[in-house]
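Asks: Work out the full structure, taking the sequences as your base and the hints as a guide.
Number of protein chains: 2
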Amino acid sequence: MEKIALGAHPYLYPLPTVIVGTRTEDKPNFITVSFVGIVQQHSPPMISVTLHNNHHTSKGIRDTKAFSINIPNTRLLAKTDYVGMTSGLTVDKSEVFEFFEGHITGCPIIRETPLNLECRLIKEIELGGESVLFIGEIVESYSARKYLKRGIPYVPKLRPILFSINTNSYYRVGRKLGKAWHEGLRIKEKVRKLS
Amino acid sequence: MEKIALGAHPYLYPLPTVIVGTRTEDKPNFITVSFVGIVQQHSPPMISVTLHNNHHTSKGIRDTKAFSINIPNTRLLAKTDYVGMTSGLTVDKSEVFEFFEGHITGCPIIRETPLNLECRLIKEIELGGESVLFIGEIVESYSARKYLKRGIPYVPKLRPILFSINTNSYYRVGRKLGKAWHEGLRIKEKVRKLS
Numbered sequence: 009m010e011k012i013a014l015g016a017h018p019y020l021y022p023l024p025t026v027i028v029g030t031r032t033e034d035k036p037n038f039i040t041v042s043f044v045g046i047v048q049q050h051s052p053p054m055i056s057v058t059l060h061n062n063h064h065t066s067k068g069i070r071d072t073k074a075f076s077i078n079i080p081n082t083r084l085l086a087k088t089d090y091v092g093m094t095s096g097l098t099v100d101k102s103e104v105f106e107f108f109e110g111h112i113t114g115c116p117i118i119r120e121t122p123l124n125l126e127c128r129l130i131k132e133i134e135l136g137g138e139s140v141l142f143i144g145e146i147v148e149s150y151s152a153r154k155y156l157k158r159g160i161p162y163v164p165k166l167r168p169i170l171f172s173i174n175t176n177s178y179y180r181v182g183r184k185l186g187k188a189w190h191e192g193l194r195i196k197e198k199v200r201k202l203s
Numbered sequence: 009m010e011k012i013a014l015g016a017h018p019y020l021y022p023l024p025t026v027i028v029g030t031r032t033e034d035k036p037n038f039i040t041v042s043f044v045g046i047v048q049q050h051s052p053p054m055i056s057v058t059l060h061n062n063h064h065t066s067k068g069i070r071d072t073k074a075f076s077i078n079i080p081n082t083r084l085l086a087k088t089d090y091v092g093m094t095s096g097l098t099v100d101k102s103e104v105f106e107f108f109e110g111h112i113t114g115c116p117i118i119r120e121t122p123l124n125l126e127c128r129l130i131k132e133i134e135l136g137g138e139s140v141l142f143i144g145e146i147v148e149s150y151s152a153r154k155y156l157k158r159g160i161p162y163v164p165k166l167r168p169i170l171f172s173i174n175t176n177s178y179y180r181v182g183r184k185l186g187k188a189w190h191e192g193l194r195i196k197e198k199v200r201k202l203s
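Going line by line, the protein sequences match chains A and B.
Quick note, the first sequence lines up with residues 9 to 203 if you use this note's numbering.
Quick note, the second sequence lines up with residues 9 to 203 if you use this note's numbering.
Bear in mind the hints are in silico, worked out from the structure with no lab data behind them.
You may find that some hints are simply not true.
For identical chains, the list gives no copy identity; a pair is met inside one copy or between any two copies.
Unchecked claim - Straight-line C-alpha distance at most 25 Å; calculated SDA-like pairs for lysine to any residue:
hint	residue 1	residue 2
1	K198	H64
2	K35	G110
3	K196	G159
4	K67	T113
5	K11	P52
6	K11	K157
7	K196	V99
8	K131	I160
9	K198	E120
10	K11	L97
11	K35	V163
12	K157	A16
13	K35	K157
14	K154	L97
15	K165	L135
16	K154	V99
17	K187	P164
Since we're looking at a predicted model, the values are computed, not measured.
Replies: In structure tokens:
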């Protein structure tokens, strides 16, 4: 297989699609992002999200030290795309979604999305360019019974939205491929016998 | 819809599945992770990856200031799972994959995976627990012609692997749902008419 150098690009496929909620100048605001990831599993769990330094949402996160990460499903595709294409600076997005409050007063959490993470700002990291990386402690997660299996969010019921960078396309999650810490057992056994 | 609080969990669904490559004590080593994300789009593009502080790979990244992010496809599921279930401390994983070198001498980049990002360590951030967040500048990306469409990696050809945390399952990417900055246009138009 002939490898080709494509240049310095952020080609990670696919990315999640989430809606960040915060309160900016005392008004709830929502924005869609894909530059989001878990950065610590526990003690405590933490998530990171990258935003433009001067985004309306960045101001809200700095002022309130809180934000929500809301995971939309395929039914919410149009609304999800909409809040990603408009800025809270020029458009009032406070009525696009119904929202509720959790532990942190004032932090809007979206009711319609099947899953939510309520986060407290822990760190803000400048990356040198126009981006800023916010790291939040996940203080609570919310869902509804119909999206769970044995108490844990279940992907085929959540039906989250994937994002493909540079081709700017959304995808569904497909079929289950296998179990982690299981599919590799055959190789592990083979290696053990050889050594 | 009745929301339930599920506790403080890192419930982001789904996550990507990638293999981090580095050279530790002068031997190539590979480990599978899902705590990975783009943290800056350009000028320069950057990626973050979380590892255990004392992982064999963490030592390699600190020593060499470099790592590769290799995006496996569904055909590589067993090998991908295998390098995630064993530690380079006790098992030699240097021969699981064929690899090549890019711009950074010594940094192993996997030949079999359809897509690769070659990264130079920029920052290491302690998160307070057992995890450490490495931020790398993406200095080059590599693929092969058969995985591209108009010169950009194309998800249906890449066939990447998704990971579902806590249920510990792997999933495929499914069908295309729509275009970003397009699906929300109808709502944008409606809002404009109302205002």
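Asks: All the hints need checking, so say for each whether the structure fits it.
Replies: Hint by hint, here is what the structure shows:
1. In the homo-oligomer, the alpha carbons of K198 and H64 lie at most 25 Å apart only across protomers (22 Å), although the nearest pairing inside one protomer, at 55 Å, exceeds that limit.
2. When the C-alpha separation of K35 and G110 is checked against a cutoff of 25 Å, the pair qualifies only within one copy, where the shortest distance is 17 Å, while the shortest distance between copies is 48 Å.
3. Neither within a single protomer nor between protomers do K196 and G159 lie at most 25 Å apart by alpha-carbon distance, with minima of 31 Å and 37 Å respectively.
4. In this assembly of identical chains, K67 and T113 lie within 25 Å of each other by CA distance solely inside one copy; the values are 17 Å within and 41 Å between copies.
5. Taking the shortest Cα distances, K11 and P52 sit within 25 Å of each other only across copies (22 Å), while inside one copy they are farther apart (40 Å).
6. Taking the shortest alpha-carbon separations for K11 and K157, only the inter-copy value of 15 Å comes in at or below 25 Å, while the best intra-copy value is 42 Å.
7. Within a single copy, K196 and V99 get their C-alpha atoms only as close as 55 Å, which misses the 25 Å cut-off; across copies the closest is 10 Å, which meets it.
8. In this assembly of identical chains, the alpha carbons of K131 and I160 never lie at most 25 Å apart, being 28 Å within a copy and 34 Å across copies at closest.
9. Taking the shortest alpha-carbon separations for K198 and E120, only the inter-copy value of 20 Å comes in at or below 25 Å, while the best intra-copy value is 48 Å.
10. Within a single copy, K11 and L97 get their C-alpha atoms no closer than 44 Å, and across copies no closer than 30 Å, so neither meets the 25 Å cut-off.
11. In this assembly of identical chains, the alpha carbons of K35 and V163 never lie at most 25 Å apart, being 32 Å within a copy and 37 Å across copies at closest.
12. For a Cα distance limit of 25 Å, the shortest separation of K157 from A16 across copies, 17 Å, qualifies, whereas the shortest one inside one copy, 41 Å, does not.
13. In this assembly of identical chains, K35 and K157 lie within 25 Å of each other by CA distance neither inside one copy nor across copies; the values are 35 Å within and 42 Å between.
14. Within a single copy, K154 and L97 get their C-alpha atoms no closer than 36 Å, and across copies no closer than 43 Å, so neither meets the 25 Å cut-off.
15. For the identical chains of this complex, K165 and L135 are neighbours neither inside a copy (36 Å) nor across copies (32 Å), given an alpha-carbon limit of 25 Å.
16. Proximity of K154 and V99 under a CA criterion of 25 Å is satisfied in neither setting, with 33 Å inside one chain copy and 42 Å between copies.
17. In this assembly of identical chains, the alpha carbons of K187 and P164 lie at most 25 Å apart whether taken from the same copy (15 Å) or from different copies (22 Å).
The structure does not agree with the numbered hints 3, 8, 10, 11, 13, 14, 15 and 16 stated previously, though it agrees with the rest.
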